[in-house]
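Q: Quick note on UniProt numbering: the sequence shown kicks off at 1 and runs consecutively.
Note that these hints are calculated values from the structure, not bench results. It is possible that part of the hints are untrue.
[To be verified] When the alpha-carbon atoms are kept at most 27 Å apart in a straight line, the in silico DSS-like pairs for lysine-lysine are as follows:
1. K69 <-> K35
2. K171 <-> K211
3. K207 <-> K175
4. K211 <-> K160
5. K160 <-> K171
6. K172 <-> K195
7. K146 <-> K211
8. K175 <-> K195
9. K146 <-> K171
10. K19 <-> K69
11. K195 <-> K171
12. K172 <-> K207
13. K92 <-> K146
14. K207 <-> K160
15. K172 <-> K211
16. K77 <-> K146
17. K146 <-> K160
18. K195 <-> K207
[To be verified] Derived DEER-like restraints, expressed as beta-carbon distance ranges:
19. E150 <-> D64: 23 to 29 Å
20. R102 <-> P179: 37 to 43 Å
21. V30 <-> T119: 39 to 45 Å
22. R154 <-> G199: 39 to 45 Å
23. V97 <-> R132: 31 to 37 Å
24. S37 <-> A167: 15 to 21 Å
25. R191 <-> G90: 39 to 45 Å
26. K77 <-> D25: 38 to 44 Å
27. Q76 <-> D26: 40 to 46 Å
28. K69 <-> V31: 37 to 43 Å
Small disclaimer: the values here were computed from a predicted structure and weren't measured. Beta carbons are placed, not taken as given, at the ideal position from N, Cα and C, and that holds for glycine.
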Amino acid sequence: MSNIEITGLGALNIDHLYKVERILDDGETVVSEAKSSPGGSAANTIYGLARLGVNAGFTGVVGDDAEGKILIQDFQKAGVDTSQIRVKPGAKTGSVVCLSDRLGRRSLYVTPGANNLLTMDDLDLTYINQTRMLHLSSFADDRQFKILLELMDRLDLSTKLSFAPGALYAKKGLKALAPILSRTHILFINRNEIKQLTGEDIINGAKSCLKQGCSIIVVTLGKGISLELGKGISHKTVIATGYIR
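Construct all of the structure, not just a fragment, from the sequences and the given hints.
A: This is the structure in structure tokens:
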């Protein structure tokens with residue numbers, strides 16, 4: 001039996017982060033700060049859990065380039081099992097350009113690279129099904145989305161699923177995500193994504209996700225934003241512990 005408590009499955013990217021005064025529809029502005037770091041939604045979660053002492057692994061693909069090596073080495077330094085990360089010959093590792101302004105607004109531009117080459121053969125189902133939990137996030141291409149739908153039929157009932165759809169999958173809507181949501185134990189989603197996913201406000205959107213089969217809905221609201229809940233609605237406000245990669 002594997003001693004891995006949780007494994008992640010999602011896109012692996014190098015994030016190129018640029019801070020700007022404001023995000024433009026058209027025109028010119030100055031970049032006040034620029035940096036690059038390993039990224040990917042599920043990857044960041046698994047990295048953070050490993051830093052907190054959780055036995056964690058990751059399943060995904062990178063290119064056979066310097067960026068791919070950086071991603072794998074960064075995981076290994078945090079204690080993440082990287083045995084399930086496949087290197088795709090001749091491919092470039094995925095990347096994301098992120099523009100962030102002083103108001104906290106972001107604009108993301110994704111180059112999927114090797115992530116588009118993930119196939120079902122890259123997934124070790126025995127490895128995944130021996131973990132207590134699978135943490136799932138999105139891919140840019142529909143071919144990988146179909147792989148995730150197939151995985152839902154082959155995921156052992158003893159393996160719980162946590163799911164962070166992100167904007168790419170939220171815009172697909174409840175019907176398209178139903179096979180994943182019906183298996184989801186914990187749904188991680190932000191206030192914009194839940195509206196995009198369900199077409200409803202946060203409270204009613206969360207109720208709709210519960211009806212789809214999710215057990216727990218975690219909605220991130222952003223700094224300084226409060227939410228008034230109705231009677232009989234259970235909630236808990238938490239302060240997140242984070243690690244910057």
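Q: Next step is simple, just say for each hint if it's right about the structure.
A: Verification of the supplied hints:
no. : hint                      : in the structure
1   : K69 <-> K35               : holds, 18 Å
2   : K171 <-> K211             : holds, 18 Å
3   : K207 <-> K175             : holds, 15 Å
4   : K211 <-> K160             : holds, 17 Å
5   : K160 <-> K171             : holds, 24 Å
6   : K172 <-> K195             : holds, 12 Å
7   : K146 <-> K211             : holds, 23 Å
8   : K175 <-> K195             : holds, 14 Å
9   : K146 <-> K171             : holds, 16 Å
10  : K19 <-> K69               : holds, 26 Å
11  : K195 <-> K171             : holds, 9 Å
12  : K172 <-> K207             : holds, 18 Å
13  : K92 <-> K146              : holds, 22 Å
14  : K207 <-> K160             : holds, 20 Å
15  : K172 <-> K211             : holds, 17 Å
16  : K77 <-> K146              : violated, 32 Å
17  : K146 <-> K160             : holds, 20 Å
18  : K195 <-> K207             : holds, 12 Å
19  : E150 <-> D64: 23 to 29 Å  : holds, 26 Å
20  : R102 <-> P179: 37 to 43 Å : holds, 40 Å
21  : V30 <-> T119: 39 to 45 Å  : holds, 43 Å
22  : R154 <-> G199: 39 to 45 Å : violated, 31 Å
23  : V97 <-> R132: 31 to 37 Å  : holds, 35 Å
24  : S37 <-> A167: 15 to 21 Å  : holds, 20 Å
25  : R191 <-> G90: 39 to 45 Å  : holds, 40 Å
26  : K77 <-> D25: 38 to 44 Å   : holds, 40 Å
27  : Q76 <-> D26: 40 to 46 Å   : holds, 43 Å
28  : K69 <-> V31: 37 to 43 Å   : violated, 27 Å
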